[in-house]
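Student: Those sequence lines, one after another, are chains A and B. Numbering-wise (my numbering), the first sequence opens with residue 2 and increments by one. Numbering-wise (my numbering), the second sequence opens with residue -7 and increments by one.
Just so you know, the hints here were simulated from the structure itself, not pulled from any lab data. It cannot be assumed that every hint is accurate.
What the hints assert, rightly or not - Over 12 Å on every C-beta distance to chain A, these chain B residues come out as not near it, computed from the model:
#	residue
1	Asp56
2	Val58
3	Gly76
As the list claims (entries may be wrong) - SDA-like mimics (lysine to any residue), calculated; alpha carbons at most 25 Å apart, straight line:
#	chain 1	residue 1	chain 2	residue 2
4	A	Lys95	B	Ala71
5	A	Lys95	B	Thr11
6	A	Lys261	A	Glu247
To be verified - Residues from chain B that keep clear of chain A, each with C-beta distances beyond 10 Å, as calculated:
#	residue
7	Asp12
8	Asp16
9	Val46
10	Gln75
11	Ala77
Glycine is no exception: its CB is placed at the ideal position from the N, C-alpha and C atoms.
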Amino acid sequence: MAPIEERTASDIAADVNARVLSAREVADAMLARIDAVDGSVGAYLTVLHDRAREYADRVDARVAAGERLPLAGVPLAVKDNMCLDGTRTTCGSKILERWVAPYTSTAVARLIDAGAIPLGKTNLDEFAMGSSCENSALGVTRNPYDLERVPGGSSGGSACAVAALEATIGLGSDTGGSIREPAAFCNLVGFKPTYGRVSRYGLIAFASSLDQIGPFSRTVADAAMTYDAMAGHDTMDSTSLAMPVETTADGLRDDLRGLKVGIVREFDTEKLDSAAHALYQRAYRDLEALGAELVDVALPTADYGLATYYLIAPAECSSNLARFDGVRYGLRVEGDDVTAMYEATRAAGFGPEVKRRILIGTYALSSGYYDAYYVRAQKARTLIASDFKTAFERCDLIACPAASSPAFPFNSKSDPYSMYLMDYYTIPMSLAGLPALSVPCGWVDAGGGQQMPMGLQLCAPLFGERLLLGAAHAYERATGHAGQFAPRLSESNV
Amino acid sequence: MSEPIDVRYVAKLARIQLTDEEIDRFGDQLGDLLAHANALNTLDVSRVPATAQVVESRNVERDDVVGPCLDREIVLGQAPRRQGAFFRVPRIISEAD
């Protein structure tokens, strides 16, 4: 039998429910794995050794009492912008470095209730702003497939935890690609549900009209199980959808017969380097071989996605992050009067990318510029969403790259815009609120013979999670790209 | 080319103290980012409504009934400065006011 850290969520849950394996054994094995390898990966900011064992014992007690739990004993990594009561929740920022959450986010609470065991809190770009995890003020996270490369971001820590077998499933948050891009970089499935499907209660807000929680996993089936356990209406989040949730784990398909998959004209992969181009062309042919009909679709405003996003997201962030003022929680730097205290606190507490976004957002919302920038961006957002609506009249799903390159070396994106470009393919879906995922689609030579994974992005109309995960499963099953290489870690060389 | 951003003024609005070096660097970077944002000027949005929420949503109301709350001691325990049951801040109104 495979070692515990290599097993899938469904496999672990089945054995824990059948009492042939205890949740405590699972927790002990995973904590040992974290202790052995996380020194080189840096996925976690906080490891919950004692808490994890307590949760595991509770799962074992519930199973012994006759309960069957969908995620019984499944080890979970939680991005450190989601609250878990009594644990440090930092957002990767100095301003919250010592803040202890007084309550638990709905998504995490639902997974715990379903039997998952939170092992720790994972690194991220500060306040989820970034595409490489390099913007964390609290630690460096390395890609398990090449420790000299970034894991992607902003949910890089959760991605690495799952990729390096330091967790079975992970939670990330995706505002413009922060689940899908790190999933592509780390050879994982990363899934952003429709906006509003998963409650944002207890997720520390970055851009509230875009933020959405979703899972990382090594298989589509595990992503579906995790989603099913946490999706659904929550009275604590007024933007959470009040409509019933279709389950996804029982909708996994073996083929794509009868489905039309749109290939976006504006996302011409000839623009990528030749190896990536060839890889995506092969992925589209593989979809066809599974029975899908490929259709050409247009998203004429997709190229405006980046500009739109980099006005709307900073505008919302400048408003959301106003709460970090040194009064109620977090860091405080004293000043002569209250304004001086605010200014000194925020100067010391926020890193450069967060300051940049607060400034640009403040500018875009300021008197005289509001209509020219913010309102114009919101109108562009309408056009982008409407383009998707038109495209989905011709197809059931859209396929395109998840990122324009594989994981890049540290410190290789020096100007902010080159980093923002990493989200070119994921931002339009976020602006339109659509469910989208990244699934491993093969490997490219990223330089010096180093093989690195890439991700195929699939996107469905609003509320189309069941079809989306079902189709991704068929593709994963037929291609099996994820299993081609293993992370370059061994416990002996750490 | 858009007009240069008065970073000092924007930082004041955002309540962030910046060094002279940051003012120069952020000024250049924000100017560069806004130049990219100006691409939106080529879109005709004259007849397009603004989108604030992509999934239809409406105001959510509930009865005004007290429910479970966070424990006051736990919440105040996170405050950088407190005084009894209050958050303590520097003087806001000067004696002259």
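Student: Output the numbers, in ascending order, of every earlier hint that fails for this structure.
Tutor: Of the numbered hints, just 9 does not hold.
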